[in-house]
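Student: Here the protein sequences line up with chains A and B, keeping their order.
Under my numbering, think of the first position of the first sequence as 11, with each following residue one higher.
Under my numbering, think of the first position of the second sequence as 11, with each following residue one higher.
Fair warning: there could be bad hints in the mix.
For chains that are exact copies, the list does not tell them apart, and a pair is met inside one copy or across any two.
[Claimed, not checked] List time: in silico BS3-like cross-link candidates among lysine-lysine, alpha-carbon distance up to 25 Å:
1. Lys20 x Lys91
2. Lys60 x Lys20
3. Lys19 x Lys31
4. Lys31 x Lys91
5. Lys189 x Lys90
Read the hints as simulated data drawn from the structure, not as lab findings.
Protein chains: 2
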Amino acid sequence: MQQLKDRIKKDGVVIGNDVLKVDCFLNHQIDPMLMDSIGAEFHRLFSDQKIDRVLTIEASGIAAAVMTAKYFGCPLVFAKKSRTVNQSANVYTSKAFSFTHKTENTVTVSKEYIHAGENVLIIDDFLANGCALRALRDIVIQAGAIPVGAGIIIEKAFQNGGAELRAEGLRIESLARVKSMSETDGIEFI
Amino acid sequence: MQQLKDRIKKDGVVIGNDVLKVDCFLNHQIDPMLMDSIGAEFHRLFSDQKIDRVLTIEASGIAAAVMTAKYFGCPLVFAKKSRTVNQSANVYTSKAFSFTHKTENTVTVSKEYIHAGENVLIIDDFLANGCALRALRDIVIQAGAIPVGAGIIIEKAFQNGGAELRAEGLRIESLARVKSMSETDGIEFI
């Protein structure tokens with residue numbers, strides 16, 4: 011998605027060789043017009059599938075995911091993160107280690123809001139090592155629903171999550187795939 | 011907003027006399043078409059003001075706030091909640107006690123994303139005792155910006171936050187104002 015790549019080049023800040031800060035349009039300040047375009051693009055990419063539900067994880071994924079769900083005319087569910095284990099029988103849970111925050115989170119979704127047999131599209135802002143995406147896919151499978159694909163805004167393709175999950179059969183559509191990045195040489199896309 | 015009140019009556023679950031669970035369209039599962047209508051309504055209500063920026067707080071406020079910001083054609087910023095104090099000189103911070111979770115959160119917004127003199131519209135999903143809204147207004151004022159108003163999806167008008175903040179001069183537009191509620195008698199709106 012050229013509009014997104016241009017924006018990353020213009021406003022993304024590379025720290026070291028693996029942190030890409032896009033706080034100014036995605037993770038803290040949000041450009042709603044760009045989120046709308048991203049939602050339209052995910053709708054176009056997955057238009058060959060019947061989508062019953064969009065699933066994302068709080069908090070940065072919500073803005074793009076709500077736009078995507080609007081284009082599909084289906085509900086959005088956002089998984090909740092907590093550092094305590096929710097033992098309720100009414101939720102699906104999975105674990106996700108956050109390399110950004112160096113913490114293990116428990117990811118939960120109420121059993122009321124994913125149903126067996128549904129086609130679920132997962133949306134997330136970043137894909138790097140794939141921990142969050144694995145946890146979301148795991149919850150979809152626990153519910154007996156079908157993870158028909160994942161729409162990712164920015165994939166750090168130099169980390170192994172995308173390659174591993176594609177090898178496991180998950181369809182992943184990433185709007186910007188970063189091949190390499192550094193403070194000196196900037197960002198190169200695939 | 012009649013569409014919202016009807017939805018609350020239909021799908022809201024009252025627990026005791028003060029908890030209103032709207033997990034199925036607002037706080038966990040989200041109805042994107044309703045969020046779009048809510049964004050349009052906040053735009054209509056505050057169309058007499060020039061809005062430079064929408065401010066909300068993670069996570070449940072983001073969906074409605076991004077739609078609102080899209081109608082205004084301005085950026086959205088979402089404040090972050092954490093239980094640890096972020097001592098960085100680069101953020102505005104304020105405290106908000108969560109009665110729901112019985113915890114005190116530190117609310118932070120990067121200084122990069124609110125500027126002196128800007129007209130800021132605050133959007134949040136619930137207004138009860140007003141703690142979160144006070145923290146957001148406090149951050150706007152710290153930045154030297156103008157809190158031109160607050161758009162609230164559901165106000166529990168039987169709690170004191172709305173009355174107190176209006177008495178302090180904050181303009182609040184609530185789309186549904188709950189006068190009283192109980193498990194037996196249901197929900198009554200003002």
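Student: Compare the structure with each hint and give your call.
Tutor: Results of checking the hints against the structure:
no.	hint	verdict
1	Lys20 x Lys91	neither (31 Å within a copy, 28 Å between copies)
2	Lys60 x Lys20	neither (35 Å within a copy, 27 Å between copies)
3	Lys19 x Lys31	within (11 Å within a copy, 42 Å between copies)
4	Lys31 x Lys91	both (21 Å within a copy, 19 Å between copies)
5	Lys189 x Lys90	neither (30 Å within a copy, 30 Å between copies)
Checked against the numbered hints above, the structure violates hints 1, 2 and 5; every other hint is satisfied.
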